[in-house]
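Student: One letter stands for each residue in the lines below.
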Amino acid sequence: MPHRFKGERTLMRIFIGEGDKHQGKPLYEALLHLFRERGIAGATVVRAIAGFGSSSKVHTEKVLRLSVDLPIIVEVVETAEAIESVLPDLDEMIGGGLITLERAQVVMYRPANVRQSQAEMHRIDGLTADDS
Amino acid sequence: MPHRFKGERTLMRIFIGEGDKHQGKPLYEALLHLFRERGIAGATVVRAIAGFGSSSKVHTEKVLRLSVDLPIIVEVVETAEAIESVLPDLDEMIGGGLITLERAQVVMYRPANVRQSQAEMHRIDGLTADDS
Amino acid sequence: MPHRFKGERTLMRIFIGEGDKHQGKPLYEALLHLFRERGIAGATVVRAIAGFGSSSKVHTEKVLRLSVDLPIIVEVVETAEAIESVLPDLDEMIGGGLITLERAQVVMYRPANVRQSQAEMHRIDGLTADDS
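Chains as they are written, first to last, in this note's numbering: chain U, 5 to 136; chain Z, 5 to 136; chain W, 5 to 136.
Keep in mind the hints are simulated off the structure, nothing from the lab. Just so you know, not all the hints are guaranteed correct.
[As the list claims (entries may be wrong)] Label pairs and their computed distance ranges (CB to CB): (1) U:37 x W:85: 33 to 41 Å; (2) Z:25 x U:42: 27 to 35 Å; (3) W:96 x Z:25: 40 to 48 Å; (4) W:11 x Z:10: 25 to 33 Å; (5) U:10 x Z:25: 21 to 29 Å.
[To be verified] Calculated Cβ distances over 12 Å to all of chain W for the following chain Z residues: (6) 85; (7) 86; (8) 88.
Don't be surprised by glycine CBs; every beta carbon is placed ideally from N, CA and C.
Starting from the given sequences, assemble the full structure and let the hints guide the process.
Tutor: Written out as C-alpha cells, the structure reads:
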C-alpha cells in the first residue's frame, strides 16, 4: 500500500529525560508501546548529547558519561485527531517534560517489505507487534 | 555567499532505516550524494535510538545492538522549488519511509571558512566535493 | 510553575559543527550557557552522524571516526520575543552555521521535580545553575 499517507499531518515532539521511568521501564519505551497500541503510524526516538529544560540543569554526555538522564526526543507524525487522542495518556505518563505540535505535510509513506522480513528476525517479546 | 539564503524556506525530513541501501551503499549516504549533485545547500543525518514506522516493528538500540536498521532522519532546508525538484529521485531511491515538509524561516546562513580549511584535511574520495 | 508555558511558541534550530569553538570551549556548550543566562526555558543538543552544509563537505561518523566536526543541532522552544533577544548574540558567537525558526504549539510544559533532585547529584561546576 504505497503512498497511503499523503496530506496534512501533525508532528508531535516529546522532550523527556532518558532516565524517566513508567512502571519500572524507560518512559520512551512505554511511549512506543502506547503508540503501537493506539495504532499510531510511527514514532522515532532520538537521544540528545546535552541540554537543559524542565529540571533547569545542564547535562552533557561528555562530563556525565554515566548519567542516564540525557534529553530524549520522541517524534510522531499523525493526524491531528490521532495526536489528540493520546494526549491524556501522555499527561498521565510524563512526570516532567515538554510537548510541542507542528504542522507537517506528508509527501510519502510506504511500507518496507524487505526491511519487514529482516525485522522479523529481530522480534523482541513485548516490544514488537504485527501489522494489522 | 553569505545571506544568500535568508527568508522563507522548506524543511524536508526523510525518515528511513539505517540498513536501507541504494545500489549497494547506505541510502542516507546516497541521499547526501544526490543532494550535493543537485546543489542543495545542506543536509544533516541523525540516527535514532529506537522507533517504529513503515515496517511496524519496534527497534531499540539497547536490545538490538547489532541491528543496522535503526531509524535515520535526513534533514534538508531549502527553497520549495529545490525540494520539489528532488522528490521524484527520492521516490525512486526510497523503498520504505516517510517524508515530511514543514515551513521554516532562515534567519542566518553563513559558510564556515575556518571549518572549511579544517575539513579539507579530512577529504574523502567520493564523499566530498568542492564548493562552486 | 506547571503549565506556565502553553500556547504558540517558536522553535529555533541552530546547525553548527561539533568542532566549533567559542572562547576555547565547544560552541554548543557556550550556547547552552548563553541560553541559561538569558532565562531561556530550555535547550536540547543533538549530534548528527553525517551531513554537509556551510562548509560544503560531507562528513560521516563512519569514515571520519576521529573527526570532531560532525553536525550539531541545538534546539530551543521559546516565545518569539525571547528568541529574538538572543539572535544578536548568536550572530557574534556563530562563525558558520544555519539558524531556522518554526512555529510550534506547546501543549505540555511541566518541570520534573523528581529528576531535579536526581540531577542535583550530578551538579557540575560551570555547567549548572540554579533555577530563579
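Student: Each of the hints needs a verdict: does it hold here or not?
Tutor: Verification of the hints:
1. Separated by about 39 Å at the C-beta atoms, residue 37 (chain U) and residue 85 (chain W) satisfy the suggested range of 33 to 41 Å.
2. Restraint check, residue 25 (chain Z) to residue 42 (chain U): a C-beta distance of roughly 32 Å satisfies the suggested window 27 to 35 Å.
3. Between residue 96 (chain W) and residue 25 (chain Z) the beta carbons are some 43 Å apart, a value that agrees with the proposed interval 40 to 48 Å.
4. For residue 11 (chain W) paired with residue 10 (chain Z), a C-beta distance near 27 Å keeps the hint of 25 to 33 Å intact.
5. Between residue 10 (chain U) and residue 25 (chain Z) the CB atoms are about 25 Å apart, so this pair conforms to the stated range of 21 to 29 Å.
6. No beta-carbon of chain W comes within 12 Å of the beta-carbon of residue 85 (chain Z); the shortest separation is about 18 Å.
7. No Cβ of chain W comes within 12 Å of the Cβ of residue 86 (chain Z); the nearest lies about 14 Å off, and the non-interface call holds.
8. Every C-beta of chain W lies more than 12 Å from that of residue 88 (chain Z), the closest at about 19 Å, which supports listing it as non-interface.
Checked against the numbered hints given earlier, this structure breaks none of them.
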